[in-house]
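Asks: By our numbering, the letter at position 88 of the sequence shown is numbered 75, and the numbering carries on one by one without gaps.
Note that these hints are calculated values from the structure, not bench results. Since the structure is predicted, the reported quantities are computational estimates derived from the model, not experimental observations. Some hints here could point you the wrong way.
[Claimed, not checked] Computed cross-link-like contacts, EDC-like style, restricted to lysine to aspartate or glutamate with a CA-CA straight-line distance of at most 16 Å: (1) 45 with 71; (2) -9 with 30; (3) 517 with 412; (4) 45 with 69; (5) 45 with 19; (6) 121 with 148.
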Amino acid sequence: MKSKILYFGQDFNKQARLETIFQTAEVLTYSDPSYVIDLLNVEPPDIIIADADFADTKKFVKNIKSLFENTFVVAFLTDKTDKELLKYSNGIITMDFSDDVIASTIEISLRNKKSQETLYHTNKNLASSLYREKVLYDTSSKFAGTLDNEKLIDIMIEGMDKALSFSLTCTLSFCNPQEPVLILNSLYEISDELLSAIKLRTVLNYKTLFDGKNLPYQIDADTLRVIKKVKNPSSRFNFMLFQYDNMLASISQGDEFYGCVEIFKEVQFSTDDSTCFQTLARQVAIPLKSAALYQEIKETNVKLERLEKIKSDFISIVSHELRTPLTSIKNSVDIVLSGKAGVLAPNVDKFLSMSKRNISRLSEIINDLLDISKIEAGKMDFNFEALDVNSVIENVRASLTGLAKEKDLSLVCDCAPELPKINGDSKRLEQVLTNLVSNAIKFTENGKAITICSRVCNAADINKNNRFGEELEKLSGDYVLVSVKDEGIGIAENDILRAFDKFAQIENSLSRKVGGTGLGLPIAKQLLEKHNGMIWCESELGKGSEFIFALPLT
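The whole structure should be built from the sequences, with the hints applied where relevant.
Replies: See below:
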């Protein structure tokens, strides 16, 4: 391909000499600055040789250098040297130079220009790549900041706009499968006729992505909802839009499909454009999947909360409704057993006594249900005051000694004297301790012992080598520790934590025999938490259990 050399001047001798030297090149001669500028906009020459003797040259060279930074200019001088002209020139030649030197000078200038152009394009591509990398990084950071489907799509489109400067994006979103939507981000307004064509094209593109396979969702171009976002509504696209270069990408993650996006641009997309476009479409699919999972979890939690409330309300209502007739039954049985209604036959007395025991058992179950409902609803009343824990222990021991004797169990207290007082509700703490001792009596075989202990201990000295170690690490300062130790059936290591779950029953023959609601320990745990305390257990299957709770000193 011939080099194109433009001589700017009016000296026919210089023009003729240049034509003679560069016979294999195309030499053009112009003296009108405006014409040359128009030429540079349309079909620029490889190099301009500006005649220093021509009146308009200095002004012309300065002007084109400001307008066309990469234009190469060689100054054609006589014996005069214009320093300002040289400042804007890439090289010089004079009439004194031989033809070979002039040819070599221009050849060197052309090579320099080519090298400079290569460097310019390399730097430009590098700058473009760095800018796109930054866009991708910034977009990825924004994706991480939200789990809102609409915002995620907007962030993706914003990234495409910054990196690719599109004319139009058509994003088909299935983030809400019940109502798919076509989101149009357009440089100019779109007519109703063009919109109909775009909708039809989007549906066809969507079907093409699955190549005859079953579509994840069914859509109809006529009923497809559209959201239009137009930058410059004063102008309008026409059907020439479909002659623009375009790219299509699926927005999917694994088997999850969230939509597709098509992008149009008046100029041709490069390979780097395609890579950036596909990357952004892949990037948004990951947080969209997370958003879908998050939404599913939210909806599930709402359902669970509703079910939990229904369950709590049901328990509360049923418990109250059972308590009233049960109280009447209990009073009636007590009156009959007392003999006030007449003398009872031996067998009748036996059956009524059995009824009384089961009425008491049923009352305990109802009370547990009511207590757990009150605690969870935040309606449990507390009366905190400074109290001696040993007095609570003594009250519980006195009330349960008779029950222990029925099974020939010894109920022993090993309490440290003169314990410092704690801030607590004596009634609720008695409820906790009564539950622990009652359980010990239930699950300990006849003839063995149950021991209640109390002492002061610093959190640092509490044994934390058990399944409650992580929670025990949170304790700090001094506590009163109360423990109930039995020689009963014990609890398997894997079941220890489960013992504090609501309605949990550890599976063994004795637990099935004694029954119960499984609410005692959860109630105790929550009552102690209201005291800023904690309960835990140490146990070995077949060798007994020790339940310990800690109450902070005032």
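Asks: Which numbered conditions among the earlier hints are violated in the structure presented, ordered from lowest to highest?
Replies: No hint contradicted; all consistent.
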